[in-house]
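Generate coordinates for the entire structure from the input sequences, incorporating the hints supplied.
2 protein chains.
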Amino acid sequence: MTDTYIVHGDIIHAPALDAIEHIPDGYVAVRGGRVAGIYGELPAEYAHMPLHDYRGRLVTQALCDMHLHAPQYPMLGMGIDLPLLEWLNTYTFATEARFDDVEYARRVYDALAAKLVSVGTTRVCMFSSVHTDSTLALMQALEDAGISGYVGKVNMDRNCPLSIREDTERSIAETERFIDEALKRFKRVRPIITPRFTPACSDDLMTRLGELARASALPIQSHMSENADECAWVLELCPDCSAYWETYHKRGLFGEKTIVAHCVFSDEAERAAIARCGAWVAHCPDSNVNLCSGVAPLRKMLDERLNVVLGSDIAGGAQLSMLQVAAMAVKSAKLRSIATGGAEGCISATEALYLATSAGQVFFGEQPGFAQGNEFHAIVIDDRALQAPPSMSPSDRIGRALYTTESADIEAVYACRKL
Amino acid sequence: MTDTYIVHGDIIHAPALDAIEHIPDGYVAVRGGRVAGIYGELPAEYAHMPLHDYRGRLVTQALCDMHLHAPQYPMLGMGIDLPLLEWLNTYTFATEARFDDVEYARRVYDALAAKLVSVGTTRVCMFSSVHTDSTLALMQALEDAGISGYVGKVNMDRNCPLSIREDTERSIAETERFIDEALKRFKRVRPIITPRFTPACSDDLMTRLGELARASALPIQSHMSENADECAWVLELCPDCSAYWETYHKRGLFGEKTIVAHCVFSDEAERAAIARCGAWVAHCPDSNVNLCSGVAPLRKMLDERLNVVLGSDIAGGAQLSMLQVAAMAVKSAKLRSIATGGAEGCISATEALYLATSAGQVFFGEQPGFAQGNEFHAIVIDDRALQAPPSMSPSDRIGRALYTTESADIEAVYACRKL
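If you read the sequences in order, they're chains A and B.
My numbering runs 4 ahead of the 1-based position in the first sequence.
My numbering runs 4 ahead of the 1-based position in the second sequence.
None of these hints come from the bench; they were simulated from the model.
Hints may be right or wrong, so weigh each one.
[Said to hold, decoys possible] Going by beta-carbon spacing under 10 Å, a handful of chain B positions derived as facing chain A: (1) T6; (2) V366; (3) G403; (4) S411; (5) A412; (6) K422.
[To be verified] Far from chain B, by Cβ distances over 10 Å, these chain A residues were calculated: (7) G30; (8) G81; (9) M82; (10) D85; (11) I342; (12) R404.
All values reported here derive from a predicted model rather than from experimental measurement.
Glycine included, each C-beta is placed from N, C-alpha and C at the ideal position.
Quick look at the structure:
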C-alpha cells in the first residue's frame, strides 16, 4: 500500500507551457503509484486512504534532469573557468577515466543518486562514461534510489585520450552487451544510445550506432552546436555535411527519440530541422554560461514549437538542483533579451517550471502536469519560513520556489512512492 | 574566553584580489576576537587555548553583503520578471510600506538576521525603509545576531507612493533622530546616510543630507546608473548635472565613504569620477540580471582600480548567499565577455572570493584576508561529502565552494566569537 495514498497541501502544477493550475489546500489521490485525481475537497471514497499531510506547504511536480554526466560529479564546481574543448581535455576526460574502477564508480554513483533525490530530481536522461560495468552500476544506483529514466554508456573512438578511447568494434560490442544487460536487469532505468558528440565518433561508429538504435528501438542522446569552435571543427570533420544536425541525421541518429544538449549555435535552419524531425533540445543554461559557450535562443525555440527540456549538465553546470537551473534559464533568457535589445523575449518562471518538469515527462511518454494516469512524481517544498507579503499569486510562489529553494527546504520527494 | 581560541582546518583566504593563500591543515589563533596569527603548525604558546577542530573542512573568510534591502526580504524571489521602475511601483514600495508596523518589522528582521548568519554573512551595508523605529529594530536584530556593519534609514521625498513619502523637513529630522539613537544604542552596527536614489530625493533633501554627512562624518550609500530608463530620468530631473554621479557629488554625497550600488551604465567618464573620488561600487550581478538592467563592466572596473564590493541586493537579487552572488559575478562577467567578443575579460573564482570578503573588510577599515589584527570573521564549509578527484587545487576548492555550497554545508560562522 506504499503506492496508494493521498497527498494534501497547496498544489501547483504545470499542465501547459503557459499555464499553471493552483489548488490551494488540495488533495492528490495516488493509486498504484499513479495520479487518480486532484481535488479541492477530498471525495468520501478516499477517506480511508493513508493521508500524507503537508498542509501549508507547496506540493509541485518533481524535476526532470534531461542532460547530465554522472562521472563528472566528482569535479562539480571545478575548472569551469575554461572554454569547452580545453575543459574537456584538462579536467573532464581525466576524471571520467577513473570510472574503469567499478568500485569507485559505485561509491560516486550511490552518492550522486542520493543527492539527486535530495534536490527533487526523480527522472533523468544521463551520460555515463565509456565503461560498461560502471554504467550498469550507475543504473543500479539510480534504480535503488527510486530514480527512473535513461542512462547511456558513452561511445567515442577518436579525438580523446587513449585512456578512454575505444576501438570501433569494441565500442559497438560493449554497447550491445550494455543494452542486453541493462534491459535484463533494470525495470525503471532504461538504456539509451549515446555517441558522445560528432568530434569523438568516427563516421563508421555513428553509422553502426544508428543501425543499433533502429534495431533496438532505443532513444538516442548526444550534444549539438554547443560552442563556436566545436561547430567549426564538426564541419571540418564531416565534409559531407553542411550543418551539425546532419552529422547525426545522415547516420540514422536524429529523430523523434533523439535528445541533443545545448543548441546554443543552432541557426534558423538547424532549428527548423530539429522541429521537422521532432528531436528534443536539452537546454543547459548554467553550463552554457560556465563554459563561456553563450546563451541558447530559448524564447525563439519555444515560439518555434521545438521540443525543449532542461538539463543541469553537471559538471559543465555546477547546479544539480533543477529549480536553480530553471531560475538560470529565466536569467539567461533575460540576458539574451537585453543583448538583442528586446528583440528576443524573456521566459516566465511558470514556463521554466513547465520546462523543468512537464516537458521531461512528455519525453518519457507521460502527460504534462499531475495528469490522471501519470506516475506521481512530486516534491513538497516547505516555504513557510519566509515571511510572505499579504498576497502572493501562485506564479509568485513558483518564482520564489525556483529562486530560493535549498535542498533542506524539500521536505518530501515522491516517485510513485515516497522516496 | 569565548573570543580567544584556535580554529583548526584547511585555511584559504584572499589577501589580495589576484591571490589566495592556502594553509592546509592549519591553525588560526584568535585573541580577543582578533586574528593573532596563522600557522601551519600550532606554536607551543597556544597549546593551552581552546581548540575548535574542523580538520578536513574548509575554513575561509565570512562574507560581506555590501548592498541589500532588509524590508524587501518578505518578497524574496517574487515579481522579478518586471523591469526596475515597474517592479519598484508594483511590488517594492507596497512591501516596504508595511514597515511602519514596528512589531512586524521586528519579526521579519529577526528572521533575516538569522538567515544571514546561516549563509555566512557577518558584515552588511544595508538599506532599511523610511521608518526610523523599524530601522532601529533592524539594527537591534543584527547586533543581537552578531552581525556588524552599516544600516541606513532611507530618505525619499518625491516620486514614490504617499504611504512612504516623507516631507523634506521630517525626513531630515527623523534622520537626525535615527543617527542619535543608533549611535547611543548600538556598538557594532552603525548608521549610514541613505538617500534612496536621485529620482526619489529632491535637491534640497540631497543637499541637507550632504551637510548631515559632513557634520556627522558618517558614510553614505545610494544607487547609481542601474537602469537605462532611470539614467535618462535622472538627467531630466537634474538639469544642472551632466552625469548621474554629479547628482550626488554636487550635494556633498560622493567621496571616499560613499558606496553606490550597480553602476551598470557607468561609462568611462563616470568610472573615472568614481576612481578619482575614491567612491565604492557595490556590484549586484544577480539583481542586475533579474531586473533586466544588464551586466556591469566588472572586469573594466577592476582593471581601472575602482573600489568594488559585492551585494546580494535582495529583493532585486533573490540569492541571500554571497557565495552564490560571487558565483553569479563570475557568470555574468563571462556573459559580458561573450557579448563583447572577448574584448572584456572574465573574472576568476578567487577574484570573486576577494570581492565577496576582503573588499568589504577594507571598506570597514580592516586589512584584506585573515590579516593579523583583523576581527576574525570566518566560515567553516564542510565540503567532504563531495567525492573529490585525486588532486584539487586551492582555487578549485574555492570555485567549488562558490558554486555548490548550500547553507546546510556551512558548519560554523565566526564574527569575533562563534555565532
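We went through each hint and held it up to the structure:
1. T6: For T6 of chain B, the interface hint is violated, since the closest Cβ of chain A sits about 28 Å away, which is over 10 Å.
2. V366: Interface hint status for V366 of chain B: violated (25 Å vs cutoff 10 Å).
3. G403: Holds, because the Cβ-Cβ distance from G403 of chain B to chain A comes to roughly 5 Å (cut-off 10 Å).
4. S411: holds, 6 Å
5. A412: holds, 5 Å
6. K422: violated, 21 Å
7. G30: holds, 22 Å
8. G81: violated, 4 Å
9. M82: violated, 4 Å
10. D85: violated, 6 Å
11. I342: violated, 5 Å
12. R404: Per Cβ check, R404 of chain A is inside 10 Å of chain B; nearest 4 Å; violated.
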